[in-house]
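A.B. asks: This is what each chain is made of:
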Amino acid sequence: MNRLSWFNAVSLTLGFAFLYIPMIILIIFSFNESKLVTVWAGFSTKWYGELVQNQAFLDAAWVTVRVAVFSSTLATILGTAAAYVLVRGGRFFGRTLFSGMIYAPLVMPEVITGLSLLLLFIGIGLDRGILTIVLAHTTFSMCFVSVVVSSRLVTFDRSLEEAALDLGCSPAQAFRLVTLPIIAPAVISGWLLAFTLSLDDLVIASFTSGPSSTTLPIKIFSAVRLGVSPEINALSTLMIAVVTVGVITASLVTKRAMMRQRQDELAAVRAE
Amino acid sequence: MRRALLIAVPYVWLLALFLVPFFIVLKISLSDTELAIPPYTPTLDLSQGWAGIKGFFSQLDFENYVWLTEDDLYWKAYLSSVKIALISTFLTLIVGYPIAYGMARAPEEWRPTLMMLVILPFWTSFLIRVYAWMGILSNEGYLNQILLWTGIISTPLTILNTQSAVYIGIVYTYLPFMILPVYSALERMDGSLIEAAEDLGCSRFQAFWLVTVPLSKPGIIAGCFLVMIPVIGEFVIPSLLGGSGTLMIGKVLWEEFFSNRDWPVASAVAVVLLLILVIPIVLFQRNQQKQTEADQ
Chain A
1003 MNRLSWFNAV SLTLGFAFLY IPMIILIIFS FNESKLVTVW AGFSTKWYGE LVQNQAFLDA
1063 AWVTVRVAVF SSTLATILGT AAAYVLVRGG RFFGRTLFSG MIYAPLVMPE VITGLSLLLL
1123 FIGIGLDRGI LTIVLAHTTF SMCFVSVVVS SRLVTFDRSL EEAALDLGCS PAQAFRLVTL
1183 PIIAPAVISG WLLAFTLSLD DLVIASFTSG PSSTTLPIKI FSAVRLGVSP EINALSTLMI
1243 AVVTVGVITA SLVTKRAMMR QRQDELAAVR AE
Chain B
27 MRRALLIAVP YVWLLALFLV PFFIVLKISL SDTELAIPPY TPTLDLSQGW AGIKGFFSQL
87 DFENYVWLTE DDLYWKAYLS SVKIALISTF LTLIVGYPIA YGMARAPEEW RPTLMMLVIL
147 PFWTSFLIRV YAWMGILSNE GYLNQILLWT GIISTPLTIL NTQSAVYIGI VYTYLPFMIL
207 PVYSALERMD GSLIEAAEDL GCSRFQAFWL VTVPLSKPGI IAGCFLVMIP VIGEFVIPSL
267 LGGSGTLMIG KVLWEEFFSN RDWPVASAVA VVLLLILVIP IVLFQRNQQK QTEADQ
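Taken in sequence, the protein lines are chains A and B.
Be aware that the first sequence starts at 1003, since it is given in my numbering, and climbs by one per residue.
Be aware that the second sequence starts at 27, since it is given in my numbering, and climbs by one per residue.
What the hints contain is simulated information worked out from the structure, not anything from laboratory work.
Be aware that one or more of the hints could be misleading.
Listed below are the simulated SDA-like cross-link pairs for lysine to any residue, each with C-alpha atoms no more than 25 angstroms apart in a straight line [to be verified]: (1) K1037(A) x A1063(A); (2) K53(B) x L1137(A); (3) K316(B) x S1161(A); (4) K243(B) x P1107(A); (5) K316(B) x A1063(A); (6) K243(B) x N1010(A); (7) K109(B) x C228(B); (8) K316(B) x V1089(A); (9) K316(B) x R1160(A); (10) K53(B) x V38(B); (11) K316(B) x N1010(A); (12) K1048(A) x G1229(A).
Predicted model only: the values in this text are computed from it and were never measured.
The following block holds chain B by itself, in its conformation from the complex:
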């Protein structure tokens, strides 16, 4: 009886507030006519201009999805989000791996402190960490000041409001998500394996490539998923650092919802985004479950 209650309460909570809402999104993305009549009419200020949109969309159930394929904006935004996510995940891995490696090879008594130093930024507000880069990357920003002062460049670089700023922002904010799983995989590794490989004639690089990297693969996979999946739907970074030139689907969804007030299209955008993410999310879950079972 107690056990049933223990299972039921979190289960029902997640069903009601995680799973059911997705079906509501799906329904609204398909049947916008119902949006106009209660109980789905959201707020009164929507009523203006709503009739026009409604008339346009109510002809067919899949009209919203047809709309997504017809307007260039949407598929370009999906493609560019996936591209940005893949590139920035790779960059995060390149930057994060050496840090995780250094931590795992550091003297044991340093490691808790190093861990703390990685986790601390992760606890600090995401918004503030993105905001910090606005001052650094702007035309009059600190980076340009230093570069001009040292004479490396003679005219200020435009970095803020470009895709480069988005990449910097993503690598910076998502770095702990990459470092922590890779570090925990590397830390568990038996150091004598490297010695064995070197004794058997491997060069240091070969030993790293043939022994260390494969053994840290679960950590690399977990880290890559943890970075890539949320980045595809990222909103804060492209809207603060990316300027109008950076197209990402999270931003499109946000604007569709808050600026255009077009809820059915916003729902359709969300459903398609979810379909894109289903495969990586399922793979991530499998990976996590396998890890948990291996630990047990």
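Chain A with its partners taken away, still in its complex shape:
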């Protein structure tokens, strides 16, 4: 099992080439001197300079970041609660409906979610703006958070919680002192997932945003419809860089946290 057969090596190489070459080309051509994106005319960073001076993009980026921070935080709280209820809550009235509402948004086409939320906001007379985008993003990303967190909840040893309860913890204390530290890596990656889903979303934001709350994807989409441009390449490169750094940092942090946890567990076993 420990050697890689030629077939597997070839399929992995081709697969990862397919996944990464388009993005590498995009990054390379963001440093192109020429306005014509398909012809290389020498190295230049001028498109980044123009990007920084483009006030419309900066405004949109600021809206996007605010929406992402608020919606991912709300989604993490609601999604963790939902996961806890689904895995540990036992039976309650309407459980099937509840789990259905958790899984359905994962595959629901965005055009339907967007349209239905917009009609709701208009129905209750809520002005479209940052608030409505936050509500919309929270709704679909809490389901992703809940799936991530519940997959961690099902695998961890329930007797730890029971031990805490036996030793005199209230259920809330047991959750705060035992459950939460154990599921923390999943909660953090749930937050990150919700954050990037929100940063990314074009369709739902288009339906639920108002004229004064254009997000970055909406701005990019309207620019991209006119064709490929070096400025968008530069913007894409920056976004790829941010996400890459974020994801790698997060994975290193959670890996370290898990290693520490395992060491603690080992130490506890030895102490016995």
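Based on the hints, put chain B in the right spot on chain A.
C.D. replies: Below, chain B alone, put in the same frame as chain A:
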């Protein structure tokens, strides 16, 4: 008391912002007369041209749905969306399975890195990943440049703004959704089962087909649903890569809503799309629940 609160808050949130909106869509798709009077009149700039549309649609409740069956555009768009989704799901499986298989057979210490490499594009903006292909597939794009330079073709291929571009875009962007569930099914598999099959006289291919594939079936099913269901309603890929020749229902709904400003018809399109998706969504949920229970 605490437990009730813990259940109630996410429950009520989803009821109010996920379930109730569907009923509003349903209502508006049926009763467009109410759209003209407050509180449903959306914005003021709709008032022009609205009276005409209203007069046309207010005769019958199901008028919007009758309209969907009368105009070729809609059912053709539904059919072509389903067709594109089925073909591209199959293509994604063909491309994704060997990658997932290679990952599951890779040395154990490589696997976290390989996982990371699959997940990373998934975290990167969907829009940017689709956009990247516009530069590659266009007539003056990088693919044509390479093919012309190597002499494989003598005139540039037209790929951008055709259905082929849509297939490439879908396979590319949805690949992680296929790889991850298939990989997690394959990784769990006991390698000695293959050895047993080979010891008992199976060829390598037979062992793969009779042992590995059936054992990875839950992953294949989950992956196929995760790709197929959202693709049926896909908007970004057909509108950036598909050109005017590619008809997909997500794009029709978008244009009905934003360009034609015909909200009742857009709602009817959404309701019918949802009806098409109900069966696969329920099957997907069943599959997920079964998996979760099996894990527990």
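A.B. asks: If a hint holds in the structure, say so; if it does not, say that too.
C.D. replies: So, going through the hints one by one against the coordinates:
1. K1037(A) x A1063(A): Roughly 24 angstroms separates the two Cα atoms, so the pair holds.
2. K53(B) x L1137(A): Holds, at about 22 angstroms.
3. K316(B) x S1161(A): holds (24 angstroms)
4. K243(B) x P1107(A): Satisfied, since the Cα-Cα distance of roughly 23 angstroms is no more than 25 angstroms.
5. K316(B) x A1063(A): Given pair K316(B), A1063(A) is violated - Cα atoms ~41 angstroms apart, limit 25 angstroms.
6. K243(B) x N1010(A): holds (20 angstroms)
7. K109(B) x C228(B): violated (36 angstroms)
8. K316(B) x V1089(A): Cα-Cα ~13 angstroms, so holds.
9. K316(B) x R1160(A): holds (20 angstroms)
10. K53(B) x V38(B): holds (21 angstroms)
11. K316(B) x N1010(A): violated (30 angstroms)
12. K1048(A) x G1229(A): holds (19 angstroms)
In this structure, the earlier hints numbered 5, 7 and 11 are contradicted, and the remaining ones agree with it.
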